[in-house]
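Chemist: Protein chains in written order, with the working numbering: chain A, 1 to 312; chain B, 1 to 312.
Think of the hints as simulated: they come from the structure by calculation, not from any bench.
Nothing here was measured: the structure is a model prediction, and the numbers come from that model.
Take these hints with a grain of salt, some might be off.
[Stated by the list, open to error] Simulated DEER-style distance windows between Cβ atoms:
1. B:194 <-> A:15: 22 to 32 Å
2. A:15 <-> B:304: 48 to 58 Å
3. A:17 <-> B:26: 49 to 59 Å
4. A:98 <-> B:231: 40 to 50 Å
No residue lacks a Cβ here, since even glycine has one placed at the ideal position from N, Cα and C.
2 protein chains.
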Amino acid sequence: MSEFGFIDTIRSMFASMPFNGFEGIGDDCAVFPFGDGEALVLTTDLLAEDVHFLRRATSPFLLGRKSLAVNLSDVAAMGARPVASMLSLALPRELTGEWADEFMRGYHDMSQRYGVQLVGGDTTLSKSGLTVNVLAIGRVPAGNIKRRSDAREGDFVMVGGRLGASAEGLKDILHGNFDTAYAMQHKNPEPQVAEGIWLGTRAEVHAMMDLSDGVASDLVHILEASHVGAVVETEHVPAVTSVERAVCGGEDYKLLFTVEPEAAERLMSEYAAEFGSRPFAIGRIVASSDPVIEWRENGRAFNPDWHGFSHY
Amino acid sequence: MSEFGFIDTIRSMFASMPFNGFEGIGDDCAVFPFGDGEALVLTTDLLAEDVHFLRRATSPFLLGRKSLAVNLSDVAAMGARPVASMLSLALPRELTGEWADEFMRGYHDMSQRYGVQLVGGDTTLSKSGLTVNVLAIGRVPAGNIKRRSDAREGDFVMVGGRLGASAEGLKDILHGNFDTAYAMQHKNPEPQVAEGIWLGTRAEVHAMMDLSDGVASDLVHILEASHVGAVVETEHVPAVTSVERAVCGGEDYKLLFTVEPEAAERLMSEYAAEFGSRPFAIGRIVASSDPVIEWRENGRAFNPDWHGFSHY
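Please build the complete structure, drawing on both the sequences and the hints.
Modeler: Structure, rendered in structure tokens:
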């Protein structure tokens, strides 16, 4: 299935409809400006059993935590503070009771960490697998919103942390090793919420999104939306293991953002002072009519067949 | 599974968390007041294959239409105008392509009918059944919001249309008759969107919700939230077939509301002038420490064992 072909079809179907105060589709979140210079941002993710997770490989507590975490990552990637969520659960009968209670304890744990209130949802039985759908809502001063479409020629391309641990963890899990350190990073990701809110306040940060499918795929979304290209220097990619796994692996949930070159050094220092470690500058935005990444290794261009992660 | 026991557990877990501008859980929608006297309302419903629908009994077009319709009904029940939606789909591989396109045509048809923009969502493969989750968002002047908690002693209890057709249709479908007139009403419900918005503007309308589980169950939610009881006169219930099916059957998606007695006759006339038929007054709100319905048949109380509809 080509998710993006289907999404393009949907977009053109709705192109002639009024937006009723909402901005158009195209970012990590939908945006609803309101009041005196504020906005709500909204994002939703559906997690399906055996597609996004193996029930036997994780615990209900960690699955509850992750179900919200992946959505908070999208909210933070807009520069917004997550404030509320809605949770829909389709539960096979054997998961009602203790399993569902443990799931909720994990969901509550992640909610409490960031002060996110649960404001609604839906719970039903499922006659087939377990499905979890989460809506997360953030609030943000409208001027702090970071979009995919704002990368500019010359910007540094940065990532907020090391990449590839989650993909290594998924490999471990698929080999039946559910409890390695990498597997834990896959099952229990920590979204960069504070970092996203902080980067939202910085005018020198232009475009931002979160890494759910890997740099090789996600950076292209920024390039498409901003009508630019990029050069990425593989020796600067903060790979946990191999560069390929770091840029093609999914579910790291680190922030990917572009920064005005003159302000980049100061931003990195102040980010380090705030969060304990510097972000990683992995390349530059360049003028280009094609939204493509040019990969370089120690200054030499090469053409790896790298694609982002896909669950299916 | 006791959905309400689980929901009570969840509510108490989140009771100590800040509401961040949202009102608490307890109505058809979450409410977010904003700007100068306006509010957003948000509601979500998850439809799971073989629980909420049989794929072979409906068409993808009608399922797309209904997926949005049931959420628009919740928005209208708050007195709000639906403006936006987000759609999450977990699709078995054989449903990608033409089936999914037809589903979207139905979803778009219902969207267009009420000017509802699609502002986001998520599409994934499913390794088990089809799951559809919809978030619907409405806008409403804050003073027009109708809640379950505002019924008052003496109010008339009214419903916005005839009841029981959907339950008859479900019975037909479960007997393998997918295309009866009743089955079509089950598969293709029309939410009372214009009626809900109009009732929202009327101060004499106190409490309101939509009928998804039947009067026997849904009216009790109003009684609980308003700390009152009700008398329902079964001979006034606008039953399509039997009274029992009308008050215990699910998915009629008609509005249930309570009206100040002095203004009731005028409201019913003006409603009829606006929408072509009068609403039906089926009973009264009474003072009671127990949130129970007293059923009367031609003035005599009786005790039927009537409960609302449950999908599972």
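Chemist: Now, for every hint given, state plainly whether the structure supports it.
Modeler: Structure-based check of each hint:
1. B:194 <-> A:15: 22 to 32 Å: Holds: the Cβ-Cβ distance is about 25 Å, inside 22 to 32 Å.
2. A:15 <-> B:304: 48 to 58 Å: With a Cβ separation near 52 Å, residue 15 of chain A and residue 304 of chain B satisfy 48 to 58 Å, so the hint holds.
3. A:17 <-> B:26: 49 to 59 Å: Violated: the Cβ-Cβ distance is about 31 Å, outside 49 to 59 Å.
4. A:98 <-> B:231: 40 to 50 Å: 41 Å Cβ-Cβ, so the 40 to 50 Å window holds.
Taken one by one, the earlier hints fail for this structure only at number 3.
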